Amino acid sequence: MAMDTVIDMADTFGVGKQVHEQEVTKALSREDDSQTVGAPFVDAPRMVCRDVNVYYGEKQAISNVSLDVAEHEVLAMIGPSGCGKSTFLRCLNRMNDTVDICRVTGEILLDGRNIYDKSVDVVPLRAQVGMVFQKPNPFPKSIFENVAYGPKIHGLTNSRFELQDIVEDSLKKAGLWDEVSDRLDQPGTGLSGGQQQRLCIARAVAVRPEVILMDEPCSALDPIATATVEDLITELREHYTIVIVTHNMQQAARISQRTAYFHLGRLIEVNPTDQVFTNPRHRLTEDYITGRFG
Amino acid sequence: MKTENTSTMQVVNSGLAKRYAKEKRFRMLGIGAVVISLLFLVILFSSIVGNGYTAFRQSVIVLDIHFDKQILDVSNLRSANYAKLVKDAMSGLFPDVTGRSDKRMLHRLVSSGAAFQLQKMIIKDPSLIGRTVEVRVPADDEVDMFIKGYIPRNVPESERRISDQQMAWIDRLVDSDRLERRFNTTFFTAGDSREPELSGIKGAVTGSFFTLLVTLVLSFPIGVAAAVYLEEFAPVNRWTDFVEVNINNLAAVPSIVFGLLGLAVFLNFFGFPRSAPLVGGMVLTLMTLPTIIIASRASLKSVPPSIREAALGIGASKLQTITHHVLPLAMPGMMTGTIIGMAQALGETAPLLMIGMVAFIVDIPGGITDPATVLPVQIYLWADSPERAFVERTSAAIMILLAFLILMNGTAVLLRRKFERRW
Chain A
1 MAMDTVIDMA
11 DTFGVGKQVH
21 EQEVTKALSR
31 EDDSQTVGAP
41 FVDAPRMVCR
51 DVNVYYGEKQ
61 AISNVSLDVA
71 EHEVLAMIGP
81 SGCGKSTFLR
91 CLNRMNDTVD
101 ICRVTGEILL
111 DGRNIYDKSV
121 DVVPLRAQVG
131 MVFQKPNPFP
141 KSIFENVAYG
151 PKIHGLTNSR
161 FELQDIVEDS
171 LKKAGLWDEV
181 SDRLDQPGTG
191 LSGGQQQRLC
201 IARAVAVRPE
211 VILMDEPCSA
221 LDPIATATVE
231 DLITELREHY
241 TIVIVTHNMQ
251 QAARISQRTA
261 YFHLGRLIEV
271 NPTDQVFTNP
281 RHRLTEDYIT
291 GRFG
Chain B
1 MKTENTSTMQ
11 VVNSGLAKRY
21 AKEKRFRMLG
31 IGAVVISLLF
41 LVILFSSIVG
51 NGYTAFRQSV
61 IVLDIHFDKQ
71 ILDVSNLRSA
81 NYAKLVKDAM
91 SGLFPDVTGR
101 SDKRMLHRLV
111 SSGAAFQLQK
121 MIIKDPSLIG
131 RTVEVRVPAD
141 DEVDMFIKGY
151 IPRNVPESER
161 RISDQQMAWI
171 DRLVDSDRLE
181 RRFNTTFFTA
191 GDSREPELSG
201 IKGAVTGSFF
211 TLLVTLVLSF
221 PIGVAAAVYL
231 EEFAPVNRWT
241 DFVEVNINNL
251 AAVPSIVFGL
261 LGLAVFLNFF
271 GFPRSAPLVG
281 GMVLTLMTLP
291 TIIIASRASL
301 KSVPPSIREA
311 ALGIGASKLQ
321 TITHHVLPLA
331 MPGMMTGTII
341 GMAQALGETA
351 PLLMIGMVAF
361 IVDIPGGITD
371 PATVLPVQIY
381 LWADSPERAF
391 VERTSAAIMI
401 LLAFLILMNG
411 TAVLLRRKFE
421 RRW
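Those protein sequence lines, which keep their order, are chains A and B. Counting along the first sequence from 1, when you hit position 168 you're at 168 in my numbering, and nothing is skipped either side. Counting along the second sequence from 1, when you hit position 372 you're at 372 in my numbering, and nothing is skipped either side.
Bound conformation, chain A alone (with noise of 0.2 Å):
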């Protein structure tokens, strides 16, 4: 029952004839189907998750993952196509809470705390938890507004000059100052793919959140940009929490401490990145990360 699931895994991604069967039936031999490999838990982390399972309607997207992230670390999710880091990422803040269909059971306790608790209210939960999606989406607004909005809405300063100080900060903490100080009224639509990025994540470090969530911040930039956003994000690690979901293995392997991998929905290993990419422990992590498919 459980080899068929993982063959049909294997079909589904199109290298049924590279993986043989011997080799998976060999991968489940060694580490229990239902068991997240590696050290899932740390000493002090800043979210917890336990058993946490995702349906969309009917289907589950996530099983039973159980998994901490770390205070100023950069936890690297990656995974196949389709195996629910995504979903597992917007977790986080509860942004799954927009698709009416989604169902989510388990825990998630920051600061001790279960965001899923019917008394968290989401708001101030998100400002906690700011998000940087995949693809660049400045508002329709200048510079400064875009930077400015979470500030203002949520209440941080009411003087004009401390919001300046906040944008002005912001826009460094992105490495986006120098490039935008003299243009701050014109539209942020009218950034490269790569400054639009960058502004996305300063809009998101102004409401000051603890933890940063990106969600393949880079796959819609040219390398040049992707170093520049990559550098930020291992700056930003001093002041923040970073969970970040990626599709490039190398990129996992430069800016992260800890690496999760993710396959149909299962957390399958969590481990420190130099020794998921040079050790990996389990099977699928190995195929995954040598290219035998994904």
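Certain hints may be false.
[As the list claims (entries may be wrong)] In silico lysine-lysine, DSSO-like type, Cα no more than 27 Å apart, as pairs:
#	chain 1	residue 1	chain 2	residue 2
1	B	Lys318	A	Lys135
2	B	Lys418	A	Lys141
3	A	Lys152	B	Lys318
4	B	Lys301	A	Lys141
5	B	Lys103	B	Lys84
6	B	Lys301	A	Lys135
7	B	Lys202	B	Lys120
8	B	Lys84	B	Lys120
9	A	Lys141	B	Lys318
10	A	Lys59	B	Lys301
11	B	Lys418	A	Lys135
12	A	Lys141	A	Lys152
13	B	Lys318	A	Lys118
Simulated from the structure, these hints should not be mistaken for lab results. Note that this is a predicted model, so its numbers are computed, not measured.
Mind docking chain B on chain A? Use the hints.
Quick look at chain B alone, frame taken from chain A:
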């Protein structure tokens, strides 16, 4: 292998001509359809303009009016016999006309509105009394029709409403430069009248304005609020499906049904004033709401979800996301829908007949509760009138209505162009 290839090519080539012919036929059909519709449009416009352009000129008779002290020597200047002033002036021009019936025929050349015109002059400026002033008074509509050539001379006298003698007098007036054609200001400044030469569309335009004002004030906020709720807040369930189906159904309901509803509910149940723009606007609101809701929902749907996510992702509440980001982006589309709905409402006649806006109203309405009529109903009323001169006025009113419609639709197109794709 090679032979197979050539044969494939042969088959393809032999079929090519047929394919292209088909394509050509289709294109010709399309062009034909466009040409035919354009042709009809041209016919429509040219017939309306051809019939109506003369209405913008009006024949006037130049009279030397002597404001006789004796006639005007009354306590109330309003009730003096101004018609006599006009008659005296006419008789002065034609001293040879003596018989009673001849005189009556002569006086009929001048519009009955001339007396009111003199009355207004005197009340405005009583110092005119005792003086002789050159005044341009409107000619009777039959005279106007004759001058404009709608009444041919070669028709037997019994078949036209202007006698041979009157014709001779008119010729004499023209020869002595006493009969002029001037721009028809009355048409734009007066309300409805039984006399074509005294009737104007200002009453109908004002009525239309008040009615549309009520419609806009009611339907835009209600429509947008309904669209926002249905699109952004309402859960997807059987109830909202039901609402959606019914909104689409309402858009297809014949407009006269809304009129009946207005008659039953607004007039009979709530007791709102009959013939008033207030009720007309409310009925038209019911009619335009589905249009506005459907257009608004479509434009809300077209706002990219990434904008919503961006706002939600930094902690904007749902309402903030909508009011700060989604609504501004959807607004051009909503306004376009609203303007198109308004244009529909502007051209609507049937429901207004049911609530009494078809009444003959001379006064220009001063507010939303005054009795009023609207442009399309005015057109309907004039089209129904027997006088020949109302034909050109009907066409002229249609031209005015079309001008407003084109203006509104043009604004909608401009709005769409200006705000299209800002993200």
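Unmet hints by their number, sorted upward, for this structure | Result: no hint breaks.
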